[in-house]
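**Q** Working from the sequences, and respecting the hints, build out all of it.
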Amino acid sequence: MRIFTFVCALLLLGVGAVSYYGWEDRGEPAQTLTSAIPAFVGAAMFLGVLIALLLRKTGLQIAFLASLMGAGLGIGRMLPAYLKETFDHRDPFTMLMLAMTAICAMHVVVSVLRFVFRKRPVRGEGRQKRDLTEVGEKEEAAEETVPEERSSAIA
Amino acid sequence: MKEPEYQKDEPSREGQETPAGTVPGLPDIATIIAEEIRAAEGEAAVAAAGTVPPPEPDKTLKKRPVWLHLVILFFQILFLTPLYAAILAGAVGAGVGWYYFDGSAELNLGLVARPGIGALVKDAKGFEIGRAGSMNRVLITREDIPPHFVDALIAAEDQRFFVHPGFDPVGSFRAALANLRSEAIKEGGSTLTQQLARDVYRLEGRNIDRKLSEIAAAVRIEEVYSKDEILVHYLNRIYFGSGFYGLGSAARGYFGKKASELTLDESALICGVIPSPSRYSPFVSTVRAKENRDQTLRRMLETGKLSAADFDRYLAMETKVASSREDSLKRGQISYLIGRIERELREEIATWPEPPESLDGYTLETSVDLAAQQETAKAIDRHLAGLADEAGRENPLEAAFVLLENATGQILVSVGSRDYQRSEYDRAVEMKRPPGSAFLPFLYAAAYENPPFTPSTILLDAPFDNREMGLGAVGGILGEWSTENPANRWEGEITAAEALTKSKNSPSARLGQLVGLERLRRVARASGINSELRGIPGSLLGASEASLTELTRAYTVFANGGTPAPAPRLIREIRDSFGKVVARPSANAPARALRESTARSVASALPAVSAVPGARGKSGTTPTFTDAWHFGFSGTHTWGLWIGRDRFSPIRPLAFGSEIAQPLAETLAAGVVAPGPVAASSEP
Chain A
1 MRIFTFVCAL
11 LLLGVGAVSY
21 YGWEDRGEPA
31 QTLTSAIPAF
41 VGAAMFLGVL
51 IALLLRKTGL
61 QIAFLASLMG
71 AGLGIGRMLP
81 AYLKETFDHR
91 DPFTMLMLAM
101 TAICAMHVVV
111 SVLRFVFRKR
121 PVRGEGRQKR
131 DLTEVGEKEE
141 AAEETVPEER
151 SSAIA
Chain B
156 MKEPEYQKDE
166 PSREGQETPA
176 GTVPGLPDIA
186 TIIAEEIRAA
196 EGEAAVAAAG
206 TVPPPEPDKT
216 LKKRPVWLHL
226 VILFFQILFL
236 TPLYAAILAG
246 AVGAGVGWYY
256 FDGSAELNLG
266 LVARPGIGAL
276 VKDAKGFEIG
286 RAGSMNRVLI
296 TREDIPPHFV
306 DALIAAEDQR
316 FFVHPGFDPV
326 GSFRAALANL
336 RSEAIKEGGS
346 TLTQQLARDV
356 YRLEGRNIDR
366 KLSEIAAAVR
376 IEEVYSKDEI
386 LVHYLNRIYF
396 GSGFYGLGSA
406 ARGYFGKKAS
416 ELTLDESALI
426 CGVIPSPSRY
436 SPFVSTVRAK
446 ENRDQTLRRM
456 LETGKLSAAD
466 FDRYLAMETK
476 VASSREDSLK
486 RGQISYLIGR
496 IERELREEIA
506 TWPEPPESLD
516 GYTLETSVDL
526 AAQQETAKAI
536 DRHLAGLADE
546 AGRENPLEAA
556 FVLLENATGQ
566 ILVSVGSRDY
576 QRSEYDRAVE
586 MKRPPGSAFL
596 PFLYAAAYEN
606 PPFTPSTILL
616 DAPFDNREMG
626 LGAVGGILGE
636 WSTENPANRW
646 EGEITAAEAL
656 TKSKNSPSAR
666 LGQLVGLERL
676 RRVARASGIN
686 SELRGIPGSL
696 LGASEASLTE
706 LTRAYTVFAN
716 GGTPAPAPRL
726 IREIRDSFGK
736 VVARPSANAP
746 ARALRESTAR
756 SVASALPAVS
766 AVPGARGKSG
776 TTPTFTDAWH
786 FGFSGTHTWG
796 LWIGRDRFSP
806 IRPLAFGSEI
816 AQPLAETLAA
826 GVVAPGPVAA
836 SSEP
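Protein chains in written order, with our numbering: chain A, 1 to 155; chain B, 156 to 839.
Check the hints yourself; a few may be wrong.
[Claimed, not checked] No farther apart than 25 Å at their CA atoms in a straight line, the calculated lysine to aspartate or glutamate pairs in the DMTMM-like style are these:
hint : chain 1 : residue 1 : chain 2 : residue 2
1    : B       : K587      : B       : D801
2    : B       : K587      : B       : E499
3    : B       : K657      : B       : E814
4    : B       : K277      : B       : D731
5    : B       : K533      : B       : D801
6    : B       : K366      : A       : D88
7    : B       : K413      : B       : D354
8    : B       : K412      : B       : D383
9    : A       : K84       : B       : D801
10   : B       : K657      : B       : E751
11   : A       : K84       : B       : D467
12   : A       : K84       : B       : E359
13   : A       : K84       : B       : D257
14   : B       : K533      : B       : D449
15   : A       : K84       : B       : D364
16   : B       : K485      : B       : E457
17   : B       : K366      : A       : E85
18   : B       : K277      : B       : D515
19   : B       : K413      : B       : D257
20   : B       : K485      : B       : D731
21   : B       : K587      : B       : E687
[Stated by the list, open to error] A short list of chain B residues far from chain A (calculated; beta carbon distances all over 12 Å):
hint : residue
22   : A246
23   : D257
24   : E261
25   : R315
26   : R336
27   : Y356
28   : D364
29   : D383
30   : A471
31   : E530
32   : E585
33   : R676
34   : V736
Calculated directly from the structure, the hints in this document are not laboratory data.
It should be emphasised that the depicted structure is a prediction, and the values quoted were computed from it without experimental measurement.
Think of the CB as a built atom: it goes at the ideal place given N, C-alpha and C, for glycine as much as any other residue.
**A** In structure tokens:
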């Protein structure tokens, strides 16, 4: 999940950079900080990945919140144009917004699926749990470790 | 004390050795990524082998029961879903804000500080009427604004003006709450900056799109201007009712003094006008103006800007406005004309390939005769006052008058309201009413255009079933009605020309049934009546609504020998600041609407206008006596007058157009129009 989040963050940083530095190509009158919003969302997700290296659950929660907000921002940014029937998917900026929304939405969906279908931990599990848990699911299992048990396991 | 391991969020890879070059206790990112890749490879290898070895059951472990798992999942969903939904909704809202904020990036913020001096407007004789685009403002500076005026304004309109960033969620919430409590829109949530943005960028209409654009523009304005600057630009721009734009103009107009000389109660009264200038102007309603003044004083008391003793003192005080009736009428007519000229100017500029950014220094030469306009307004006011109006102030008698040139359609006089400072509704252009029998000339024209009908066609003036026309006459019985004159007589067989001269309804209704609505529609449209004739039999006798200006223009078809005047307009020439003519607005020459013989026949059948030698005219009355009309035309000019009430109720019992409107219309026209025969009025 961390790698997937890391890739999403990189993609968003790329979208933000294109949006921020490509203002002239889009025929806009000036460079605006708001056009770099995808990069800010990507940066927040990247921060989440970094935190997840230490505090996995917290880091991935931050990344999830960032992608949720990114998806919402993208939808909100395009909604008025859609309602006013001025939405043009061929417009370069709209394409960037669509990209940001798609990346964030994908991250949200994958995160939710991982949460819902994660392997449930078992009680009384100690260090052996790592061995029993399938590869790729071990972090989720670790999240659910009962503190006392974990403490004893470490000891 | 050392923190126990279990209190940490998850210590990653416990028990593993720290690789060289990494911080002890912190995992190495490369290691973790490598592990994840190995894990993924392992999964792939297992999938490729096609079998998944069952894990060794560990007897020491107890599985969490399914029911417990479901309960935990349920509570997680129960608490997390609303939280995430709220975050998502907030993000969508922020995205919408982002859209509007980006949209406001192209606004020219310099416009805020440039109310402009506008274009000089001159009348037909070269007299200065005023300035278009500047709204006749008297510009003020920060020093001209008395401190108590600022207190009153802030208390009444935007109590958090000095702290908010252009929009005020707290103020909006409070206004919404107050409106909910009172179950009416009593407070607006717009800040002063939002109101300024609305005025500068003409953000009209009450919808969410306009509101969000307004907020975005307000935030941009606050980024560039200080609060004091915003205050000054706001007070120089906004409308204070009765034709006064800006505080300087309002102070002068309402109290005959400079803005800096305003007293506290006068300031409160002016601030009270802002929410609805056309309703709360003291010239429109002294009662409503006082109520709003008191409300402003109350808010000043609530916000601590006024002591209780002062509040009581000012509450008991009467605030007098300084204005004579004549001044009010004069100022009102100028405001009205400027407003109309500005509308026309906007339409004209919209057709230019490169419209100028500002019209400062331009000169507009118009066809208006300012002196005649002022005299007409005074005469109308006198005439209506003399009609012994019994309906009172709630639904007073109103009137509108238009006089234009037959050849060019240029307007010399256009009065849209009895007193523009009381009512800004333009009854000459915006109002549409049924012309009643004043519409008959078009019916006869439609008949003469279609053989075998001629002025000599014999028609029957005898009882006619009123239900066939569907006109709700009040004076008649089944088979007759009595709106054409006070003492109607059945005359048996008469010619069409005679029926028109005597404005006979019964023979006209019979003729109308033969001619048909479609032919009448064609003639009306060709003559310049753009309002659609309704598909009811009553339309044959003028039951369909039209505006005074379009009907007056349509009457030129009889004066011009079958061709209507071009679309009526006020502006003749637009000159730039160097005096060079940049535009001569003119409508396309209209096509012929009637044969010349038809126009002559109809014109000659209409009664002569005694006050203007050579002129002819026609009065009109609606069946319920709610509208009285008179139209007339000479060889050079055509005019129209309407008298009635805004809310449909009779002018008075048996109020015929020939008695109520005709004498006034003739007097008004005689003051402007030189005597001369109608070009096409020779006998058929």
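**Q** Against the structure, test the hints numbered earlier, and report the numbers of the ones violated in rising order.
**A** 9, 11, 14, 16, 19, 20, 22, 23, 24, 28
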